[in-house]
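There are 2 protein chains.
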Amino acid sequence: MTETYERTERTFPTRGRERASYDRALVHSILDEAYVCHLGFVRDGAPVVLPTLYGRIGERLYVHGSTGSRPLRMAGKGTEAPGLPVCLTVTHVDGLVLARSAFHHSINYRSVVVHGTAHQVTDPEERRIALDALVDHVVPGRSSDSRPADAKELAATAVLRLDLDEVSAKVRSGGPNDDPEDIALPHWSGVVPVRKAHGTPVPADDLDPAIGLPAYLPGV
Amino acid sequence: MTETYERTERTFPTRGRERASYDRALVHSILDEAYVCHLGFVRDGAPVVLPTLYGRIGERLYVHGSTGSRPLRMAGKGTEAPGLPVCLTVTHVDGLVLARSAFHHSINYRSVVVHGTAHQVTDPEERRIALDALVDHVVPGRSSDSRPADAKELAATAVLRLDLDEVSAKVRSGGPNDDPEDIALPHWSGVVPVRKAHGTPVPADDLDPAIGLPAYLPGV
Numbered sequence: 016m017t018e019t020y021e022r023t024e025r026t027f028p029t030r031g032r033e034r035a036s037y038d039r040a041l042v043h044s045i046l047d048e049a050y051v052c053h054l055g056f057v058r059d060g061a062p063v064v065l066p067t068l069y070g071r072i073g074e075r076l077y078v079h080g081s082t083g084s085r086p087l088r089m090a091g092k093g094t095e096a097p098g099l100p101v102c103l104t105v106t107h108v109d110g111l112v113l114a115r116s117a118f119h120h121s122i123n124y125r126s127v128v129v130h131g132t133a134h135q136v137t138d139p140e141e142r143r144i145a146l147d148a149l150v151d152h153v154v155p156g157r158s159s160d161s162r163p164a165d166a167k168e169l170a171a172t173a174v175l176r177l178d179l180d181e182v183s184a185k186v187r188s189g190g191p192n193d194d195p196e197d198i199a200l201p202h203w204s205g206v207v208p209v210r211k212a213h214g215t216p217v218p219a220d221d222l223d224p225a226i227g228l229p230a231y232l233p234g235v
Numbered sequence: 016m017t018e019t020y021e022r023t024e025r026t027f028p029t030r031g032r033e034r035a036s037y038d039r040a041l042v043h044s045i046l047d048e049a050y051v052c053h054l055g056f057v058r059d060g061a062p063v064v065l066p067t068l069y070g071r072i073g074e075r076l077y078v079h080g081s082t083g084s085r086p087l088r089m090a091g092k093g094t095e096a097p098g099l100p101v102c103l104t105v106t107h108v109d110g111l112v113l114a115r116s117a118f119h120h121s122i123n124y125r126s127v128v129v130h131g132t133a134h135q136v137t138d139p140e141e142r143r144i145a146l147d148a149l150v151d152h153v154v155p156g157r158s159s160d161s162r163p164a165d166a167k168e169l170a171a172t173a174v175l176r177l178d179l180d181e182v183s184a185k186v187r188s189g190g191p192n193d194d195p196e197d198i199a200l201p202h203w204s205g206v207v208p209v210r211k212a213h214g215t216p217v218p219a220d221d222l223d224p225a226i227g228l229p230a231y232l233p234g235v
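Protein chains in written order, with the working numbering: chain Y, 16 to 235; chain Z, 16 to 235.
For the record, the hints were derived by calculation from the structure and aren't laboratory data.
As the structure is a computational prediction, the values presented were derived from the model and not from experiment.
Incorrect hints may appear among the rest.
Which copy is meant is left open, because identical chains are indistinguishable; a pair holds if it fits in one copy or across any two.
With a Cα cut of at most 20 Å, we get these calculated EDC-like pairs of lysine to aspartate or glutamate [claimed, not checked]:
{"hint": "1", "residue 1": "K211", "residue 2": "E48"}
{"hint": "2", "residue 1": "K167", "residue 2": "D194"}
{"hint": "3", "residue 1": "K92", "residue 2": "D151"}
{"hint": "4", "residue 1": "K167", "residue 2": "E141"}
The following block holds chain Y by itself, in its conformation from the complex (with noise of 0.2 Å):
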């Protein structure tokens, strides 16, 4: 396998192509740092966004939802349907970039955006390890404790895949960029950086006592 996606029509941005990447390591990280992912799909000729939750195993993304939810019936079943053609985008805002100037104000961020057609995991043991994915994408090492899908829950759970084909990252970090005419200006310039921070932990009301907080958890 290469190191980097293959660029295509769609993953080479008519702007900002400065900020594009290609590479595998860095797309995997972007993917992997995130909770939820926004799914675009089209519904009736229109867009339609909605924030999920995600997993990834290689080169291939997950989401789960209700056998009755609306993406999960439009994608059809088995890989003999047609599929979903969807744009799945993670982004993190790494911080506020003021300039002196308005025009020049930005943010840092690094975000992913997947272009493919998702399709509906049939597998039973495809099923299984996509469900665990999902669940040790929020938690590392959570699926490994707590109780797994029985049958019921399986039946009612739908899986879709999204390969890792038509991928690209892009990224801005570092400080504003002002116009050198703008530099005297008498207007703060600079970074404020923001970024994803745990609390603590708020064990459910019904919790034993006696189970104390895991060693997995962020924020412990």
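We have chain Y already, so just place chain Z on it with the hints.
Just chain Z now, with coordinates in the frame of chain Y:
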């Protein structure tokens, strides 16, 4: 104006109806707190979802971009143009919800989904206040402490407007919904809070040291 948005077929969820809300104040608060939205549109029949900055003035959202960018070109110019059908989505992750069962894992979140048609703004005064709103959305009060766009910058910037008309919010909060028969299982159950945190502002390398941190910066 009523206190709620009218529910439509598109904003009435097939799943998780108890989490849906059409309350204007809630929708506004979710929109005002996020830095980026995910803007979906259809290109050559396929969905595209891109992260972008936005601003809100009352019941109007504004996004901007280079006049050469794809969605802005696709929208056409002026109110007589057909505009661009879009779906604009904003999501906050507030917590990781760990249940005893893998099936009941979830996240606490607040999201807003806006359906509609975006039109390019041509009125110079509306363009000006929209660009101020975009800057003030990132850091309230900042537009009046920066150099306004000049004629050349204005000519290079396209502004799209999307009216808040077909809108819904979705909110999940609280602890895990474990099945009664799972309560006695030995797995930790509860919520890990997640929030956005601001770091100490980093001045630009070329900033005059006499210019102190403005009080309007987050993290100050």
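Hints, one by one, checked against the model:
1. K211 with E48: Answer is both: 10 Å inside a copy and 14 Å across each meet the 20 Å cutoff.
2. K167 with D194: Result: close only across copies, 13 Å inter versus 61 Å intra.
3. K92 with D151: neither (25 Å within a copy, 46 Å between copies)
4. K167 with E141: The answer is within: 17 Å in one copy meets 20 Å, while 55 Å across copies does not.
Violated hint: 3 only; the structure is consistent with all others.
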